[in-house]
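Undergrad: Okay, here's what each chain looks like letter by letter:
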Amino acid sequence: MSRIELQGVRKRFGATAALDGVDVEAKDGELLVVVGPSGCGKSTLLRCIAGLEAVDEGTIRIGDRDVTNVKPAARNVSMVFQSYALFPHLTVRENIAFGLVVREEPKAVVRERVAEASKLVGAEPFLDRRPYELSGGERQRVALARALVRRPEAYLLDEPLSNLDAGTRVEMRTEIRRLHREVGSTMVHVTHDQVEAMTIGDRVVVLDAGRVRQVGTPDEVYSRPTDLFVARFLGTPAINVLTPQEARAFFAIPEGTVLGVRPEQVRLDGDGVPSRVELVEVAGSDAYVFLDRGLVARVATDARPAEGAEVRARFDREAAHLFDEATGRRIQP
Amino acid sequence: MTERRQLALMLAPYLFGIAALVAIPAVVTFGLAFTQYDLLRSPEFVGLENFRELARDDIFATALKNSLVFAAIAVPLRLGAALGLALLLHRRYTGVGGYRSSAALPTVIPDIAYGLVWLWLFNPLYGPINLLLRWQGDSPTTTAWGVQPPQWLTHPNDARAAIIIMSLFTIGEGFVILLVTRQGLPSELYELAALEDATAWGIFRRITLPLMTPILLLLFARDTIFSLQWTFVPALVVTEGGPPQFSTTYVPLFVYRNAFEYLRYGYAASATLLMFVLTALIVWLQWRIVRRWRKGFAVG
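Chains A and B, in that order, are what the protein sequence lines are.
The opening residue of the first sequence carries number 456 in the numbering used here; numbering runs sequentially from there.
The opening residue of the second sequence carries number 53 in the numbering used here; numbering runs sequentially from there.
Simulated from the structure, these hints should not be mistaken for laboratory data.
Fair warning: there could be bad hints in the mix.
[Said to hold, decoys possible] A few chain B residues facing chain A, derived, Cβ under 10 Å:
| # | residue |
| --- | --- |
| 1 | 140 |
| 2 | 246 |
| 3 | 251 |
| 4 | 262 |
Where a beta carbon is used, it is the ideal one built from N, C-alpha and C, also for glycine.
Just need the whole structure built from these sequences, with the hints factored in.
TA: What follows is the structure in structure tokens.
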């Protein structure tokens, strides 16, 4: 059992509440991704689980144990840091073996486990190099191997991909997903990158100002956001938010509400509302079309209209979300 | 004005100072080392005669031995103390600023004032160190554990120890450099060690020491040079080169006395030149010895 459970966790730094009553559960063997903007408390959350920060209130359980006041080493978790935290004076092999060596494991065990972990992450070709001789992706593989080598109950990954270039990030995303499947342990992965969160997480926790906004599968949080913050935070370009006046041309919505519609749900064909194209941004296979009605549409690049063109925009009522204007909460359905 | 000219203009005061206060006197000293010169008559070229005399001079041999022994004992102790203080005081807690200032303060006190303070501290009769050592002693002249307290200013070995003890409190520069170095080490490495259950000794041995080694080696060489020169004021003010004869006479004091008391400028210059060569040789040897060791701690 390596379930991680946080109940009513609060953590303050002076006057700032980094975590404000957080209830989260990572199920046994789950890859839980915590996502949120910078300063939302996601790294603090991870550090509290690791024991690197003491919580002010609440309890943290790992497996069947209450570890709220247990020292970091006794929590039996491994952490991968954003900066990789590799020892510059040690070789890759020595870095991976660090946790086993300080725990004075027999040399044969160290050798065997290092070989196993480095094979798992593909670090074998550079075992005798030093960190400064490695690329960002290679360093991240070493950091992952070091986390794996001790076979802990759970893995904590603190923005492990944010220092990588776009290509390597995509590669390492797949790698983390594959490693999780092979290892099968609980992983809590923190990121500010919504694409990373949506692509690798079994479930996603959206955090804002130290509070959990929504927990669900990537599909749930994207398709049925519980509030405007979650709706706006997830998705590129951001969701269109229309006031009753702006929405009137499409649908009538009650006063005191706003209508949200994802850019990919906006269609520029058939008999919609006449609109003029103000700007077109091409982002590879997709293009973002900015219309004069405050709407953005995401269309296939091949089918994009020209800037200044007159188009007809429409979207289905079922694809739209309705939110309370004052509280931002979702109004059913 | 071109950038090159601006740079030259900005460097000029420093270069002028270096030339006037270091380079030119060094060249003059180098020249004087091969002469006999008493300030009254013109320098007379004597070839290597000064060096031959130095080789036969028992006082110079004593001064040289004293200087080398002092450096051999003081440098590791000074570096160890600076490192220990840096590791104790690198964290933020209430009052740490005061402790850091206390550690650095003795270094900024003028040498003469510093020497005079220690002259009082070391006084065998009424100095606070021996008063403290004699506290609760069986008799007014013995310590609580029944031995005589050190005779700092009258016994040769005690006097040498006194000079070494004095040097242990002028470690401000090394302390500040090591403090900043320790504060610059990534906190994640220590957090990782905490997660891996590393002991305090293990963290020091496996993380702190290797990562601080490049700076420690630099300070080691720098402190060796410093230690071979630092003894001048304490030996002059506190022990006057004794007791009873030359037991705390170090090369800088030997040079000073020959130049300014016996007016033997040429002879003093030759001793200075020899000390310069010897210092350079020691530092070069240190560098050679630790170079291979240092490779093991390369941080890239």
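Undergrad: Against the structure shown, which of the earlier numbered hints fail to hold, in ascending order?
TA: Hint check: 1 fails alone, others pass.
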